[in-house]
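Using the hints, position chain D against chain Y.
Protein chains: 2
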Amino acid sequence: MAHQTTTRVGEPFDRTLMEQLMKRRMFYTPSFEIYGGVKGLYDYGPAGCALQANIVDLWRKHFILEEDMLEVDCTSLTPHEVLKTSGHVDKFADWMCKDPKTGDFFRADHLVEGALEARLKGDKEARGQKVEEKEEDPKKKKKKGPKSTAVKLEDTVVQEYEEVLAKIDNYSGDELALLIQKYGIKNPETGGDLEPPTSFNLMFQTTIGPGSALPGYLRPETAQGQFLNFAKLLEFNQQSMPFASASIGKSFRNEISPRSGLLRVREFLMAEIEHFVDPQGGKKHPRFDDVKHIELALLNRDTQLEGKTTVDRISIGKAVETKLVDNETLGYFLARIHLFLNKIGVDPNKVRFRQHMANEMAHYAADCWDAELLTSYGWIECVGCADRSAYDLSVHMKKTSQPLMVRAIRKEPLKVEEWQIDIDKKKFGPLFKKDAKTVETAIEQLSQDLREKLNLDLQKEGKIEIDVPGVGGGKVELQKGVVEIERRTRVENTREYIPNVIEPSFGIGRILYSLIEHCFWTRKGDEARGVLSFPPPIAPTKVLLVPLSSSPYFHPHLQSLSRKLRTLAISCRVDDSSASIGKRYARNDELGTPLGITVDFQTVKDSTVTLRDRDSTSQVRSSEDEILKAIKGLVEGVETWDDVRNRLPAFEGQEVD
Amino acid sequence: MAHQTTTRVGEPFDRTLMEQLMKRRMFYTPSFEIYGGVKGLYDYGPAGCALQANIVDLWRKHFILEEDMLEVDCTSLTPHEVLKTSGHVDKFADWMCKDPKTGDFFRADHLVEGALEARLKGDKEARGQKVEEKEEDPKKKKKKGPKSTAVKLEDTVVQEYEEVLAKIDNYSGDELALLIQKYGIKNPETGGDLEPPTSFNLMFQTTIGPGSALPGYLRPETAQGQFLNFAKLLEFNQQSMPFASASIGKSFRNEISPRSGLLRVREFLMAEIEHFVDPQGGKKHPRFDDVKHIELALLNRDTQLEGKTTVDRISIGKAVETKLVDNETLGYFLARIHLFLNKIGVDPNKVRFRQHMANEMAHYAADCWDAELLTSYGWIECVGCADRSAYDLSVHMKKTSQPLMVRAIRKEPLKVEEWQIDIDKKKFGPLFKKDAKTVETAIEQLSQDLREKLNLDLQKEGKIEIDVPGVGGGKVELQKGVVEIERRTRVENTREYIPNVIEPSFGIGRILYSLIEHCFWTRKGDEARGVLSFPPPIAPTKVLLVPLSSSPYFHPHLQSLSRKLRTLAISCRVDDSSASIGKRYARNDELGTPLGITVDFQTVKDSTVTLRDRDSTSQVRSSEDEILKAIKGLVEGVETWDDVRNRLPAFEGQEVD
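Order-wise, the sequence lines are chains Y and D.
Just so we're aligned: 150 in the UniProt record's numbering is position 150 of the first sequence, and the numbers increase by one with no gaps anywhere.
Just so we're aligned: 414 in the UniProt record's numbering is position 414 of the second sequence, and the numbers increase by one with no gaps anywhere.
Pulled out of the complex, with its shape left as it was, chain Y reads as follows (with noise of 0.2 Å):
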């Protein structure tokens, strides 16, 4: 295990306990098992498909209509010309070796990265230092790494290691290269000989119609079809600005080597939102004041220039203030990230907002920042938050010439003191005939200060001379007359602008793994099953119906307890089978159902039934009514388990195991 994390009663996390449930409970499962899997491929059971159904819909709900949001839903499939103008063609790609020997494939980059520390760890060891286990980076996952051996190193040589290592993100195909020949860097599984790096573009191509006419790739971000329908987006918004679009959909990347189950794979759901925002004013965002005295927990670049990963908690209001959060837009979302992570219930102590280094980040970004999740895999990139300027509208305006811009009107007009050229085309016409329209265009071209030139010589001379490539010799003489020059006031009522993209993007397999290990823990004595606490709004069934036999005499009151909660919209689950009611309330425990009720004798007697409370296995019990009131009150988050205890009669009765 890389990164020891400890669950919510304080004991120390076990993955494979988590692991084990998972597939018990069928929350997820590898793809095509019964046909040996694929890697990075990975379905989503019963349990999994609720809680990720719940997440996508308190998304939904947090964002887009909290926000009026509007939502477009854009195809997966894309045509190559799109991913060549946005970048992804060229740059979305990752360098590795082959194997000749055994036909394996290795990023690179975590070749040289896995041999150089294992030899800075076996120097270590050779020095007698005590070797701290690095956190494992899923982005970063290596097969088997290389074992270290205890070998002393100069020190000049563990320096160079060391910088190398700080730049291991930078290197192109030719210095990785280079690098491999020069510390003889071998496959650190057979020690064979690798063929230098080749640049696999991490895309998954295919061929759109019959033919081989139109490439075109499964998209890696649903981000593109957002910007590609802007136009009809501020449209449909009736010109007004700011808005967000926002997309919830599948996203594809050929990872070369995916390992670290849910947290690096192949096909997985995303939720992105463009935010498109004058870049005139500030970026000021109309609702900053409702969320600035949020805290955060924010580690900044400077912080983690010096090597260290101490987090400020402060306000938003006071990050933006003082210029480590860009601007109001930007610390707006951060806010709410942190807002909607909560209420899906990740542990508070282990969020934090890491700022990208300057060399992370594209190159037209103005400030990005990433929320990560501690897991037993270490901090995890679970959304990404980037001010990414005006790149993308920009690419896809000058490759398709549409205007993917606003045109906004001033509040005071703008009045522009410049020299203007009139044109008396009666005369102008005749004159150059076909190629007056040349001309013209030459003449409207002029800079300012060639103007201002061009007049003292109209005025000196009573003439002018201009450069029009392709008419005459390439100069063209105009008299006084035919144009005149003049200094004169021009009021701009509009202004144009391409919008700058606050992007938050969300990877929903991610927050939905980290989440399972927030919410897993044992009992005290019951150490091999597990308890999954999801806050009940995300819980993939809120409540377990359990008789106390699957007797007939108990259907009754469970058909109308069950169509009572789903007229309240509350999903409800009837475990009517022969095992043990404390059994059946383990199970539960692992699909992590927040509720449960039991029918008994009684029940059928006097309408009267006990809840259960999940996470501290206490019972309350009452009337039917009474019970579903509480029901509704813990499910919509207005009453927490204590205030029901506090409310209704303690139920005694043992669970029978």
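Simulated from the structure, these hints should not be mistaken for laboratory data.
Any given hint could be a false lead.
Identical copies carry no separate label here, and so any pair may be met within one copy or between two of them.
With a straight-line cut-off of 27 Å between C-alpha atoms, the simulated BS3-like cross-links for lysine-lysine are [as the list claims (entries may be wrong)]:
1. K460 to K475
2. K427 to K437
3. K292 to K61
4. K564 to K61
5. K91 to K167
6. K308 to K318
7. K61 to K250
8. K23 to K398
9. K39 to K398
10. K564 to K632
11. K152 to K124
12. K583 to K232
13. K250 to K84
14. K480 to K426
15. K323 to K284
Frame of chain Y, contents of chain D only:
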């Protein structure tokens, strides 16, 4: 227009008007349009996205929650071997012809069909007969079909053409090639020669991981993932049968030349159910009694054979009783599909269930019915409902040797009278040594008939001789005492079987499109603008909030109403643009928003608001609380607008245009 339908107000349906509305209100839009678009790919805008989400939500409640189905979410990426086993690699293909000059591709069957139909039409014209417009079938959409010219044909030729057309779905590639040659069929657009038909697989192909070791496809349906997980799902369901799994997700088909808008696309949302049932006992369904009274419009196989399209309107109970529908489970789902389509608002007069012809069905299918919706493209298959027998589980079980079966406890133990052979291991082992296992296996595999005969030998000769290839000379002699043969009764308490699958399969995009056609109409005198009469549960937005003007004076009331509606989980949108109230309402009629609240000066005085009904445009006025109560009742479907109108005072104020 291929098929003239009428709107709900009895006017001819105008597809062009509807398509303009779709574009104007961004229900859906060609994907990558600023790059010129890609045929068969569409993006959903905010209104289409919400409509789709509401249909899916209702589907999930109607099927998955109501029936405790096990939802799974499997990957689209599928390795070659799985789809090879399922038959898709070999059979999921169309024949196409290439025009070597233009580079265009045509579906071969469509070519023949188009050419012969045009000639028959020309013949009818030449004979002076009335030419009926054939219903356009989007499954068989042609590139601009060949124009008919009035040329009379020989009677025998007419008959031959008609016979070919009747069998058009069943020709092989070679047969299509012969037909194209025999009838001199050319490129219908240019008249140019075509290459012979080649098979084109409709799956998008890609490669999973680096290298080319693992070819894969995008799934053409969601079913395979459900079949592969059968054993785990059965375990999750605590070994209890019958049960159903369900899946909602994207599927992909690389159409040769897609047309017909949303009806024939390359990437689409499906919702599929796989109901697993014991083939013994007539495939009864425990809840069939709940639905048996429901009347369906059934177009059976025999009627179609007679060349007619008359439907029988009979109860599903009657249909199953008379064996028109094969079994209760299939009938149960037909009725549930019917109820679902009604619930989302399809026109009840534009639904029929068409039985597949024997030659349409796969060889293993027991029965199959399509729910078809009538649109301007003709009758469109929107839901398929097939009894696929044990085919899918059987082929995967055979390929993987994994037990995709159920072990059921017999109610009555099964008693089998049989000849059993006992081996005396103490004598047997030393006798055959290393061949003992082989000989034993050979004995176990002896048939009952042979055992009976061998028993006679054993009693008579005191020894028997059996064939054991590879041991001795291929024959082995066994003495009495080494083996004994006796007739005994064996009792079987369990039974193993491969479940049969009933598969209701929904094309969400086709349902959505057909629903839009059914809900579209125009008001008298305002034909340029449409109305979309979606039922409230399906409507993208439920309530439009309209202040009399954009003055901040109305803000507190708008905010409070929004908040209250959100608490009731009712989606609303404020339109405080400067357009007239009438224009704002008209815009939302086009978006299908069923209800509108006007906030005016009176509201600020006494907190009353008006509520407007989209379809009748009539209004009532009452206190906020009363209006919210009415909205809740309307959205939940427990009240109609007439109820509300009878209960609350009418408001006669005119809409200001």
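Here's how the hints hold up against the structure:
| no. | hint | verdict |
| --- | --- | --- |
| 1 | K460 to K475 | within (19 Å within a copy, 124 Å between copies) |
| 2 | K427 to K437 | within (14 Å within a copy, 111 Å between copies) |
| 3 | K292 to K61 | within (21 Å within a copy, 39 Å between copies) |
| 4 | K564 to K61 | both (24 Å within a copy, 15 Å between copies) |
| 5 | K91 to K167 | within (18 Å within a copy, 52 Å between copies) |
| 6 | K308 to K318 | within (22 Å within a copy, 76 Å between copies) |
| 7 | K61 to K250 | both (19 Å within a copy, 23 Å between copies) |
| 8 | K23 to K398 | between (50 Å within a copy, 24 Å between copies) |
| 9 | K39 to K398 | between (39 Å within a copy, 23 Å between copies) |
| 10 | K564 to K632 | both (11 Å within a copy, 18 Å between copies) |
| 11 | K152 to K124 | within (7 Å within a copy, 96 Å between copies) |
| 12 | K583 to K232 | between (56 Å within a copy, 20 Å between copies) |
| 13 | K250 to K84 | both (20 Å within a copy, 25 Å between copies) |
| 14 | K480 to K426 | within (14 Å within a copy, 127 Å between copies) |
| 15 | K323 to K284 | within (13 Å within a copy, 69 Å between copies) |
Checked against the numbered hints given earlier, the structure satisfies every one of them.
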